[in-house]
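Peer 1: Please model the complete structure; the sequences and the hints are all you need to start from.
Per UniProt numbering, residue 1 is the first one in the sequence shown, and the count goes up by one each step.
By construction, these hints were calculated from the structure, which means they are not laboratory data.
Mixed in with the good hints, there may be bad ones.
Just the calculated beta-carbon pair ranges, DEER-fashion [said to hold, decoys possible]:
(1) Glu31 - Phe190: 42 to 48 angstroms
(2) Arg220 - His154: 36 to 42 angstroms
(3) Ser27 - His154: 25 to 31 angstroms
(4) Glu31 - Gly59: 27 to 33 angstroms
(5) Lys157 - His34: 31 to 37 angstroms
(6) Tyr161 - Arg220: 24 to 30 angstroms
(7) Pro10 - Leu128: 27 to 33 angstroms
(8) His34 - Arg11: 19 to 25 angstroms
(9) Gln146 - Lys187: 23 to 29 angstroms
(10) Tyr161 - Gly193: 30 to 36 angstroms
The calculated lysine-lysine pairs, modelled on BS3-like cross-linking and capped at a C-alpha distance of 27 angstroms, are [unchecked claim]:
(11) Lys64 - Lys149
(12) Lys149 - Lys222
(13) Lys214 - Lys64
(14) Lys214 - Lys157
(15) Lys187 - Lys222
(16) Lys214 - Lys194
(17) Lys187 - Lys214
(18) Lys149 - Lys214
(19) Lys168 - Lys82
(20) Lys130 - Lys32
(21) Lys159 - Lys149
(22) Lys187 - Lys159
(23) Lys32 - Lys64
(24) Lys89 - Lys130
(25) Lys89 - Lys168
(26) Lys64 - Lys222
(27) Lys157 - Lys187
(28) Lys222 - Lys195
(29) Lys214 - Lys195
In this text, a Cβ means the ideal position worked out from N, Cα and C, and glycines have one as well.
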Amino acid sequence: MNFLDFILPPRCGSCGTETLQPLGLCSFCWEKLHFIGEPQCERCGYPFEIAEISGILCGACMQKLASYDRLRAVLRYDDASKLLLMRFKHGDATHLAPLFVRWMAQAGQTLITESDVLLPVPLHWRRLLKREYNQAALLAQGLSRQYHKVYLPHLLKRKRYTPSQGTKTVLQRLENVAGAFHIPSFKRNFIEGKKVLLIDDVYTSGATINECVKVLNHARVKGVNVLTLARVVRPEIIR
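Peer 2: This is the structure we're talking about:
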């Protein structure tokens with residue numbers, strides 16, 4: 001333990017209790033998290049409960065292919081991970097970004113490696129002014145530095161202020177973000193023909209991601225992968 005750790009001992013990123021290592025979690029909070037790994041849907045990353053043949057698609061992707069190429073997430077979005085993510089998203093706990101970037105680098109290594117450009121899901125300027133930071137941008141920036149990838153935080157724009165998606169139904173979420181994003185025409189040459197990795201903190205219904213992917217495809221990108229810190233896992237999710 002160095003002198004600074006003696007004066008200000010490292011604390012768990014979730015519950016705040018003292019830990020041995022900085023930028024980590026206590027054993028109690030760690031054990032409550034549910035990390036997503038194999039087996040999972042080859043396209044959308046939806047976790048399977050039992051071992052499946054490698055490369056298989058989930059039922060939703062068999063019926064309707066997602067707008068993106070592939071999606072991967074680190075954690076199941078549940079009570080344990082929600083507490084951690086809400087501190088990061090709304091509690092100014094930006095010091096957790098390096099920890100999350102490390103997790104995302106492991107979960108999405110293949111997607112990051114094959115991508116040319118990293119883009120965060122943008123916030124509207126009004127929400128950004130209130131929050132003072134875009135949590136998705138912090139994650140994308142950290143990953144771009146680690147993998148030496150092009151990072152374009154201001155290319156994809158949220159042109160219309162949209163209310164929070166938190167309490168809305170799936171249909172309301174779709175309507176809420178319809179037409180909310182765009183890429184200025186003079187910036188499209190930066191991503192035309194490029195493989196894009198879209199970064200966000202939580203994947204819930206897929207409404208926001210699908211709307212962003214629609215705009216990116218219109219700009220003639222080579223393809224879009226998606227990497228998120230957490231995702232909701234439930235049968236009715238739109239993928």
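Peer 1: Within 42 to 48 angstroms or not, the Cβ separation of Glu31 and Phe190?
Peer 2: 43 angstroms, holds
Peer 1: So the hint says 23 to 29 angstroms: do the beta-carbon atoms of Gln146 and Lys187 match that?
Peer 2: 25 angstroms, holds
Peer 1: Has the given pair, Lys89 with Lys168, been kept, meaning a C-alpha gap of at most 27 angstroms?
Peer 2: 19 angstroms, holds
Peer 1: Lys187 and Lys222 were given as a pair; does the straight-line alpha-carbon distance stay at or below 27 angstroms?
Peer 2: 16 angstroms, holds
Peer 1: Starting from Lys130, check that the Cα of Lys32 is at most 27 angstroms away, please.
Peer 2: 31 angstroms, violated
Peer 1: Taking the CB of Tyr161 and the CB of Arg220, does the distance hold inside 24 to 30 angstroms?
Peer 2: 28 angstroms, holds
Peer 1: Starting from Lys168, check that the Cα of Lys82 is at most 27 angstroms away, please.
Peer 2: 17 angstroms, holds
Peer 1: Given the hint that Lys149 pairs with Lys222, does the C-alpha gap stay at or below 27 angstroms?
Peer 2: This hinted pair holds, its Cα atoms lying about 16 angstroms apart.
Peer 1: Does Lys187 lie within 27 angstroms of Lys157 when you go C-alpha to C-alpha?
Peer 2: With a Cα-Cα distance of about 11 angstroms, the restraint between Lys157 and Lys187 holds, given a limit of 27 angstroms.
Peer 1: Could you grab the alpha-carbon distance between Lys214 and Lys195 and see if it respects the 27 angstroms cut-off?
Peer 2: 14 angstroms, holds
Peer 1: Regarding the pair Lys187 and Lys214, is the alpha-carbon distance no greater than 27 angstroms?
Peer 2: 16 angstroms, holds
Peer 1: When you check the alpha-carbon spacing of Lys159 and Lys149, does it fall within 27 angstroms?
Peer 2: 26 angstroms, holds
Violated hints, listed in ascending order, are 2, 3, 11, 20, 23; each of the other numbered hints is respected by the structure.
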